[in-house]
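Could you build all of it, start to finish, from the sequences and the hints given here?
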Amino acid sequence: MKFGVVVFPGSNCDRDMMHVLGNVMGQEVVSIFHKETSLDGFTHRDCIILPGGFSYGDYLRTGAIARFSPVMSAVIDFANNGGRVFGICNGFQILCEAGLLPGALLRNNNMKYVCKNIYLKTQTRESLLTQSMKPGTVLKVPIAHGDGRYYADAATLQQLKDNDQVIFRYCDAAGNITDEANPNGSLENIAGICNEGRNVYGMMPHPERASEEDLGNTDGRLIFQSLIESVLSTELEPRKAISSY
Amino acid sequence: MSSDASLVPTTVETAQQLGLRPEEFDQIKKILGRVPNFTELSIYSVMWSEHCSYKNSIKWLKTLPRKGKHLLVEAGEENAGLIDLGDGLACAFKIESHNHPSALEPYQGAATGVGGIHRDIFTMGARPIAALNSLRFGDLENDRTKYLLKGVVKGIGDYGNAFGVPTVAGEVYFDPVYQTNPLVNAMSVGIVKVNETVSATSHGAGNPVFIVGSATGKDGIHGAAFASKDITKDSVNDLPAVQVGDPFQEKLLLEATLEVIKTGAVVGMQDMGAAGITCSTSEMSAKGKAGMKVWLDKVPTRQPNMKAWEILLSESQERMLIVVKKGMEAEVKAVFDKWDLHCTQIGEVTDGGIIEYYMGSELVGKIPAESLVLGGGAPVYDREFREPAYYASGKGFDMNYMQEPEDLKQVAENLIQSLNICSKKWVYEQYDSMVGIPNMSTNNPTDAAIIRIEDTNKALAVTVDCNARYVYADPFVGAQIAVAEAARNIVCSGGEPSGVTNCLNFGNPYNPEVYWQFVNAIKGMGKACEALGTPVTGGNVSFYNQSTDGGAVYPTPTIGMVGILENKYATMSLNFKNDGDKIYLIGENRDDISSSQYLIQNFEVQNSPAPYFDIDEELALHKAIKALIKSNLINSAHDVSEGGIFVTLIESAMAGGRGFNIESDPNVRKDAFLFGESQSRVIVTVPADRENAFINLMMKQDSEFAVLGDVKGTQVIIDGQKWGTVNSWKERYDNALESYLVAAEAEV
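Note that the protein sequences, when read in sequence, are chains A and B.
Numbering of the first sequence is given in the numbering used here, commencing with residue 33 and proceeding in unit increments.
Numbering of the second sequence is given in the numbering used here, commencing with residue 4 and proceeding in unit increments.
Any given hint could be a false lead.
Unchecked claim - With a cut-off of at most 30 angstroms between alpha-carbon atoms, the simulated DSSO-like pairs for lysine-lysine come out as follows: (1) K428/B / K172/A; (2) K172/A / K733/B; (3) K461/B / K172/A; (4) K571/B / K633/B; (5) K153/B / K34/A; (6) K67/A / K328/B; (7) K144/A / K733/B; (8) K369/B / K301/B; (9) K715/B / K733/B; (10) K70/B / K196/B; (11) K144/A / K428/B; (12) K336/B / K67/A; (13) K461/B / K571/B; (14) K72/B / K526/B; (15) K427/B / K148/A; (16) K157/B / K144/A; (17) K172/A / K526/B; (18) K148/A / K571/B; (19) K153/B / K148/A; (20) K153/A / K428/B; (21) K153/A / K733/B; (22) K301/B / K67/A; (23) K427/B / K144/A; (24) K67/A / K265/B.
Claimed, not checked - Pairwise CB distance ranges (calculated): (25) L92/A / G267/B: 31 to 39 angstroms; (26) G207/A / G660/B: 12 to 20 angstroms; (27) K341/B / D109/A: 19 to 27 angstroms; (28) G207/A / N145/B: 41 to 49 angstroms; (29) Q190/A / G660/B: 35 to 43 angstroms; (30) K34/A / A208/B: 47 to 55 angstroms; (31) L92/A / R389/B: 55 to 63 angstroms.
If you're looking for bench data, these hints aren't it; they were derived computationally from the structure.
The beta-carbon is built from N, C-alpha and C at its ideal position, and this holds for glycine as well.
Printed below as a string of C-alpha cells:
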C-alpha cells in the first residue's frame, strides 16, 4: 500500500503529512503535483490524501477553484471507483466542493480564523479512520481554519446520521458534546464525515499535528494507525495487534 | 533630452518635495556632474531615505557587536543574519517594522510586513519555519485602536496562515503613546543548508537579469520615503504608498525560489521590498561592483502606460530580482513556469558600476550604483542629541511616597486583567501557530518558543522582547533589559542565546531628545549584547514614529533573539508539574516598583527610573539556570517580568493547572515582592527529592536563591491567606482582552 499526497500550489500541510506518513508511520508516500492528470500508479489498496492549506489562495471560496484542477478529475474518478481518499482541513473543503462528500464548510460563526487544540469524539467504528478505536474515544487534535463550520441541509444531515456517516464530533476534554466545545458553529458539532460508500473521508482537525512525542501529543496517530490497518486488512494480511500509546 | 517631463532637469524644490534636503540635492549634482532628471531624482530620494540608507543611524549601529562564535554572516552583509547550527545547517533570521503602512491601513500594512520579512529570509535560500511579531497600540478604549488591533491581527494571520509558516511567539502592549503610531514589527526565522545560501549580488558582464513573481503595479510608490516622515493628518493622502499583499503568490515564489537555487543557475538574488526595482538593481550591483542595463519597458505591469519612475519605485509585493548565469536561462524559466509565475529578462550585467535604465530605446536614468547605497555614496549624518528633562525627574522617584494599598488581592486582580499582562489568546489564536509542525511549545509551554529543526536532534529557542516603558525611563538601562530578558527567556527554555536582530522604533531623529534616546539605547544594547555573547546580525531602524498631535512613541528597540538547543529534548517548560514540588526564586528581591505595571496602574506615576538591573547579576543568573537544567534539578523555570513574582507564579500555576502556597520575603515591602519588576529573577520548581542536590548546586553559584513555598492543590495561598482557585485567576486572565473587544462588537 502507498499514500499519495496531492500538492496544490497553496497547500501548506503537504510536507507535514508526508513527514508523518513516511517518517512517523513508516509508510510509502509520494507527492502528486496538482498538474498531474492521472493517478495511474494508484490502486484500491492505496490512499490519496488532500492536505491542508490554501489550495489556490482560496480568495474566492475555499476549495472552489481546486475542484477544477487537473488532478481533481483524476481524484474524482479514483474515488468513484472505490479508491480511498482522505481530506484534511482544506482537503475536506475541496472534497465537499467536488461533491465527493455531502455538505459544505462555511465561515466560522465568530468570523475569525482559529488555531488551537480541541477535543474530538469518535462516533462510529465503521470507518477507516476509527475502526481500531472504541466508539466514544476522545482525542486531542488541533484545528486551524477560518472556514470550518460544517453545514448540510436537513435531509442530508438525516441521511448522514441514518447511514452512520458522522465520524467525529467536537467535544470537551471529558467527552461531552456541548455548544461550548464547538469551536466554529458546526452543525451538531460535526468535525468529520465520510461518504455513503465509506471510501471518502474528510475532517477539519489536523491529526498530522498531533502524531509525535516531540510535539507532546500523539492522539492523531491513532487515526493514521486505523487508516493503515484498515487498508492492510483488505490486503488479506494478518491483522496486526493495535498498539496503544 | 526628450519632451517627457520626467527627463527634464529638476530643481531643488522638486528634490525637497521628494523628501531630499537641499544639501543632498547638491551632492547628487556633484556625483552625476549634472542636474538629475525626475526619474533619477526619485531614485536618489528613495535610496537616500532613512528607510534604505540608515543615514541618521548607521554611525551608531556600527558600534553594536557584530562578531560571535555562531555567526556565518555579519550584520549588513546580507539580507539577514546567519547563525551556524552545525551539521551543515544555518539559521537565517531578521525582524523588520511595518509601522507607517499599518497606521493607515492596518490589514495590508501588517500583512505585507509579514510577507516582506519572509522574503528577506527565503531570498537567501532559507525556508522560513517560524514567524514572530511585536505589536504596540494606543488606548484600547479608543475605537480607532480597536480597528487597528483587529486589522493588524487579521493581516498578520491571513498572510502568515496562508503562506504556511507558523506564528510561534510575540508580544502586544497598549499605551496611549502609540495612539497615532502603532508599531508592527515582524520577524522571520528560516533554515538553510550552508552551501545553498544565495547572496544579494550581481556580477559577470553579459549575465541576464530576471524579474520574477508578481507583476508590477502602482501600489507602494514612495513607500520608503513615506516611512521616513512623521505621520500627519495629510498622511491619508499617502494611501497609495501602502502595498497590497498576496500570500498565495508569495507561497509560489517561495517554492520556485528554493527550487531555482538547486539548478545552480543563480548568481545572485534579492527580494523587492522598499524602493522595489531601484533598490534591488542598485544594491546588488554595488555589492558585486558591477553595472547593469535595465529595460523597464520589459517589466510585466499590472496597468498600461506606467512611467519609468513608477516602475522603478513601485513596491508591489511578491517580486524578486535574479541574476542568472548566461546560458542557463532555460532552467530558470522552467522552474517559474512550473509554479505559474512571471519570469522575464529585464536587463543584463555590465562592467563599470553604472546602472542604465531604459524605456524602449530611450535612456531615462544613468547612475553609479555605488553612489546610491549604504556604505557607498549615501549620506551619513552625525545628529545632535540632548538629555530630555523627564529623565532627571524620573530619577527623583521615591517609592516611600507610594503608600502600600491595603487590599493587595484586589490589586492583583486588576493587574492580571490589565491589557499589558492578561492573556493575548484573542490575538494568537487567530494565527496558525503549528503549520509545518516545528513548534514544540504548543503542548509544552516555554518562555521562548521551541522550534525543532527537521532531520536533526536540535531545536531553536526564539523570542521577541522589549519593555518600552523601561527604555523610555532610561534608554541605556532599558535597552540592556530588553536584550537580557530575551536571553533569559531562551536560557529558561533550555537554549543557548546566539544572536540578535533588532527593530529600532523611535521618533523623529532630528529632535535632539529623541536622538538622545536612540544613542543611549544603542549603547545599552551594545553593552548587553557584548556581555551575553549575542551579536547583532541585522534588523532595521524605523524613525519618525511621531505625530503632530501625540509626539514621539516610547523608544522601542525590539529585540528578536535566537538561541540554540543542541538537544531538543532538553527543553525546560514553565508550567508547574507536581504537587509537592518546591518553589524557589533565583535572583534577588529588592524594594523596587520603578516603571512597573503596578506603579502605573495604581499610582499613575509616569516618570520613574527603569527597574533595578545589573548585567553581572544577569550573567550569574543564566549560569545558574543552565547548570540547574543540565543537572536535571528543576521541573520548571519561568522568568519574572511584567507584573512581578505574583504574575510569574500565576502563569506557571495556570499552565500546570496547579495551585501554590508561598510566603513573601520579609526583607522587602510586600507590594514590591509581589508586583515589583526588578530584573534578573526566575521562579523555578524543584522536585522534593532533589532539593538537597539543588541547594548544593546553588551554594556554588553566584546567584542568590530563596525558597518561596510549594506547588499544592488548586488554591492560591499567599502568607496563609486564601486568594481563590487557580481556575478563578485563569478566567480573569483569559477573558480580559476578549471581553474588551466583544463588548465593543456588541455595541456596534
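Cross-check of the supplied hints:
no.	hint	verdict
1	K428/B / K172/A	19 angstroms, holds
2	K172/A / K733/B	21 angstroms, holds
3	K461/B / K172/A	26 angstroms, holds
4	K571/B / K633/B	13 angstroms, holds
5	K153/B / K34/A	44 angstroms, violated
6	K67/A / K328/B	29 angstroms, holds
7	K144/A / K733/B	23 angstroms, holds
8	K369/B / K301/B	18 angstroms, holds
9	K715/B / K733/B	16 angstroms, holds
10	K70/B / K196/B	21 angstroms, holds
11	K144/A / K428/B	13 angstroms, holds
12	K336/B / K67/A	17 angstroms, holds
13	K461/B / K571/B	5 angstroms, holds
14	K72/B / K526/B	22 angstroms, holds
15	K427/B / K148/A	13 angstroms, holds
16	K157/B / K144/A	8 angstroms, holds
17	K172/A / K526/B	48 angstroms, violated
18	K148/A / K571/B	23 angstroms, holds
19	K153/B / K148/A	19 angstroms, holds
20	K153/A / K428/B	25 angstroms, holds
21	K153/A / K733/B	26 angstroms, holds
22	K301/B / K67/A	29 angstroms, holds
23	K427/B / K144/A	15 angstroms, holds
24	K67/A / K265/B	21 angstroms, holds
25	L92/A / G267/B: 31 to 39 angstroms	38 angstroms, holds
26	G207/A / G660/B: 12 to 20 angstroms	18 angstroms, holds
27	K341/B / D109/A: 19 to 27 angstroms	24 angstroms, holds
28	G207/A / N145/B: 41 to 49 angstroms	43 angstroms, holds
29	Q190/A / G660/B: 35 to 43 angstroms	41 angstroms, holds
30	K34/A / A208/B: 47 to 55 angstroms	50 angstroms, holds
31	L92/A / R389/B: 55 to 63 angstroms	56 angstroms, holds
Violated hints, in rising order: 5, 17; the structure is consistent with all others.
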